[in-house]
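J.: So the protein lines, in turn, are chains A and B. Residues 1 to 309, numbered by the working numbering, are exactly what the first sequence covers, in order. Residues 310 to 604, numbered by the working numbering, are exactly what the second sequence covers, in order.
Among the hints, erroneous ones may be present.
Some chain A residues near chain B, calculated using beta-carbon distances under 7 Å [what the hints assert, rightly or not]: (1) Ser58; (2) Phe62; (3) Phe185; (4) Val187; (5) Gln259; (6) Asn268.
Listed below are the simulated DSBU-like cross-link pairs for lysine-lysine, each with C-alpha atoms no more than 30 Å apart in a straight line [unchecked claim]: (7) Lys358/B x Lys369/B; (8) Lys315/B x Lys255/A; (9) Lys122/A x Lys225/A; (10) Lys255/A x Lys125/A; (11) Lys598/B x Lys358/B; (12) Lys598/B x Lys125/A; (13) Lys225/A x Lys296/A; (14) Lys598/B x Lys503/B; (15) Lys382/B x Lys369/B; (16) Lys369/B x Lys125/A; (17) Lys315/B x Lys122/A.
Quick look at which bits of chain A chain B covers, simulated, 3 or more residues with Cβ under 8 Å [to be verified]: (18) 64-75; (19) 81-92; (20) 143-149; (21) 287-294.
Keep in mind the hints are simulated off the structure, nothing from the lab. Here a beta-carbon is modelled for each residue, glycine too, at the ideal position from N, C-alpha and C.
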Amino acid sequence: MSVKSAAAGAARASRPPAVSASASRVFWRIVFYVVSIAISVFMFLPFFWSLITSLKPSDEIFSMPIRWLPSRLTLEHYRAAFTTVPFGLYFWNSLMLAVAGVAANLFFGSLSGFAFAKLNFKLNKPLFRVLLAAMMIPGIVTMIPSFYVLKHFPFAGGNDWYGAGGNGFLNSFWGIILPGASGSFAVFFMRQFFLTLPSDMMEMARIEGAGEFRIFWNIYWPLTKPALATLGIFTFQAGWNSFLWPMIILNDPDKATIQMGLQAFSYNHQTDFGPMMAGALIAILPILLLFLALQKYFVQGIAFSGTKG
Amino acid sequence: MASISKLNRHQARTAYLFISPTILLFVIFTVVPVVMAFYFSFTNYDVVKNRDWVNFDNYKRLLHDDLYWTTFKNVAYYTVIFVPLNILISLGIAMLLNFRRLGVRLFRTMNYMPTLTSAVAAATVWVWLLHPEYGLVNTLLGYAGITGPAWLAQTETAMLSIILVTLWQSIGSNMIIYIAGLQGVPDYLYESAKLDGANALQRFRYITWPQLRPTTFLVSTMSIIGALQLFDQAFVLTQGGPGNVTKTPVYLIYQQGFNQLQMGYASAQAFILALAILIFSIVNMRVNKSEESVV
Numbered sequence: 001m002s003v004k005s006a007a008a009g010a011a012r013a014s015r016p017p018a019v020s021a022s023a024s025r026v027f028w029r030i031v032f033y034v035v036s037i038a039i040s041v042f043m044f045l046p047f048f049w050s051l052i053t054s055l056k057p058s059d060e061i062f063s064m065p066i067r068w069l070p071s072r073l074t075l076e077h078y079r080a081a082f083t084t085v086p087f088g089l090y091f092w093n094s095l096m097l098a099v100a101g102v103a104a105n106l107f108f109g110s111l112s113g114f115a116f117a118k119l120n121f122k123l124n125k126p127l128f129r130v131l132l133a134a135m136m137i138p139g140i141v142t143m144i145p146s147f148y149v150l151k152h153f154p155f156a157g158g159n160d161w162y163g164a165g166g167n168g169f170l171n172s173f174w175g176i177i178l179p180g181a182s183g184s185f186a187v188f189f190m191r192q193f194f195l196t197l198p199s200d201m202m203e204m205a206r207i208e209g210a211g212e213f214r215i216f217w218n219i220y221w222p223l224t225k226p227a228l229a230t231l232g233i234f235t236f237q238a239g240w241n242s243f244l245w246p247m248i249i250l251n252d253p254d255k256a257t258i259q260m261g262l263q264a265f266s267y268n269h270q271t272d273f274g275p276m277m278a279g280a281l282i283a284i285l286p287i288l289l290l291f292l293a294l295q296k297y298f299v300q301g302i303a304f305s306g307t308k309g
Numbered sequence: 310m311a312s313i314s315k316l317n318r319h320q321a322r323t324a325y326l327f328i329s330p331t332i333l334l335f336v337i338f339t340v341v342p343v344v345m346a347f348y349f350s351f352t353n354y355d356v357v358k359n360r361d362w363v364n365f366d367n368y369k370r371l372l373h374d375d376l377y378w379t380t381f382k383n384v385a386y387y388t389v390i391f392v393p394l395n396i397l398i399s400l401g402i403a404m405l406l407n408f409r410r411l412g413v414r415l416f417r418t419m420n421y422m423p424t425l426t427s428a429v430a431a432a433t434v435w436v437w438l439l440h441p442e443y444g445l446v447n448t449l450l451g452y453a454g455i456t457g458p459a460w461l462a463q464t465e466t467a468m469l470s471i472i473l474v475t476l477w478q479s480i481g482s483n484m485i486i487y488i489a490g491l492q493g494v495p496d497y498l499y500e501s502a503k504l505d506g507a508n509a510l511q512r513f514r515y516i517t518w519p520q521l522r523p524t525t526f527l528v529s530t531m532s533i534i535g536a537l538q539l540f541d542q543a544f545v546l547t548q549g550g551p552g553n554v555t556k557t558p559v560y561l562i563y564q565q566g567f568n569q570l571q572m573g574y575a576s577a578q579a580f581i582l583a584l585a586i587l588i589f590s591i592v593n594m595r596v597n598k599s600e601e602s603v604v
């Protein structure tokens, strides 16, 4: 409620004929900063606290009253996180899956997005509508049959042409990469971006005798870098953070993702809060670094989904 | 003319080639599974040996499955609290941080950071924060003279804890969406309202809120769909406990399908859940529509 009154107050303060205009302006400025800082500190506190916990010596984690700052900093919990479970391997697995997902979505998404935005064909509108409508289907409905499809995929993982005999794409990275290789959101997002690019470059190139793929690859694709960056970030984040589907598909402990490893670790070592926090921070770190480096694209992407969605 | 139609044909061929990977994957991993899910829900498919047609047995069984309806009740409780709070807080912070003031960018960044965390990592961190004895939350409450509960272990507070954690994680991106929405509201509306003597509350009621209706619709739809499919946080924070008060339908479907291998029955459960999501979305659409006619 204080948020609303601050907004109201700031608006009121800007009304000209107030007697003590500057005094009330200062007052509302203070209110603004007090509220903003309080909210931001609350939102940031879990990061701070997990970081401090992960750097504290073990005996200080469970001290009463709590110690806000440790007496000395130690990396022992990070070492523990990497040695009690193969966290490095999990990290690598997640990285591979996320990067593969990004590469596939950027390529297939922009290929289809280009076709839907710039090329004339009879089924353009209907197919695009179907893709959009399908985004409304909750993931839970397709979960079990997708598992079935992957298990009985012909010629995969020891299967015959009829899809029997082996385990298909179960327990393989393909079982994660393939279903999400060309997400409807990627197609939609890239189509919207291609629509904003002029079409006359295409006409020119055609007159010059360039083929359609060259037009796409050499002329339009280089122009989509900002959109690709935004889409890439979100696809990476989704892939890196996904949990349920990899847990269903991957049974081999050596293929586990970092989210699965972290969950198993916190389930099995419920009182080892030091390594737990170290693990959680390691699982957050890549996205955090990505965000700090490419903050602009993050904000643009969300604003896009907010205005066009 | 002939050359134009040739060009068009060539273009169409290229287009179909370009979209073929997408359409192929879409058919294999969306169209086929949806049809199969419907089929499975009438069978006793169990991965290992059975896949017989059992008519409406799964749906009949579901009607009398108390645990299934408990999970629905849990997630309904979660949704009813989470979604309005999510909208209210996101919009509130967005309005606050929409002011052009020194440090606003830093505040926005700090508010956005939690949305970068994975559900598992966030839940892991909060398990520690909500620790009954050594957790930060109860320590801070202790400063205020309040003895905090055993958040995740008590039936009254377990779901509230999940609401807290998911709110913490989702406010940031909705805040950005709302800030983008707020910046799209034309200034002249506020100017003329001020001339008409509207106070801040009235300006919010008659300009900001109706102008943000599409944004609110988007945010509420997405959060309803997400809320009804809650899984990750419930799985890591409470494992569905204590006493099933935080078990969600997706959690149950996962257990039924992949632990007990009753995939036919789990498919029926998934279909009913999808129906519930559809109904909630339609109700939400109606609510947003009625808001329009009132203003």
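J.: Evaluate each hint against the coordinates.
T.: Results of checking the hints against the structure:
1. Ser58: 12 Å, violated
2. Phe62: 5 Å, holds
3. Phe185: For Phe185/A, the interface hint is violated, since the closest Cβ of chain B sits about 12 Å away, which is over 7 Å.
4. Val187: Check passed: Cβ of Val187/A comes within 6 Å of chain B, closer than 7 Å.
5. Gln259: Holds, about 4 Å.
6. Asn268: 12 Å, violated
7. Lys358/B x Lys369/B: 22 Å, holds
8. Lys315/B x Lys255/A: Between Lys315/B and Lys255/A the Cα gap is close to 50 Å, so the pair fails against 30 Å, i.e. violated.
9. Lys122/A x Lys225/A: Roughly 29 Å between the alpha carbons, so the hint for Lys122/A and Lys225/A holds.
10. Lys255/A x Lys125/A: 41 Å, violated
11. Lys598/B x Lys358/B: The given pair, whose Cα atoms are some 49 Å apart, is violated under the 30 Å limit.
12. Lys598/B x Lys125/A: 27 Å, holds
13. Lys225/A x Lys296/A: Answer holds: Lys225/A to Lys296/A is near 13 Å, not above 30 Å.
14. Lys598/B x Lys503/B: The given pair, whose Cα atoms are some 27 Å apart, holds under the 30 Å limit.
15. Lys382/B x Lys369/B: Within the cut-off at roughly 19 Å; holds.
16. Lys369/B x Lys125/A: It is violated: about 41 Å lies between the C-alpha atoms, which goes past 30 Å.
17. Lys315/B x Lys122/A: 15 Å, holds
18. 64-75: Answer holds; 3 residues pass the 8 Å Cβ test.
19. 81-92: Our answer is that it is violated, as 0 residues pass the Cβ test (under 8 Å) against chain B, missing three.
20. 143-149: holds (count 7)
21. 287-294: holds (count 3)
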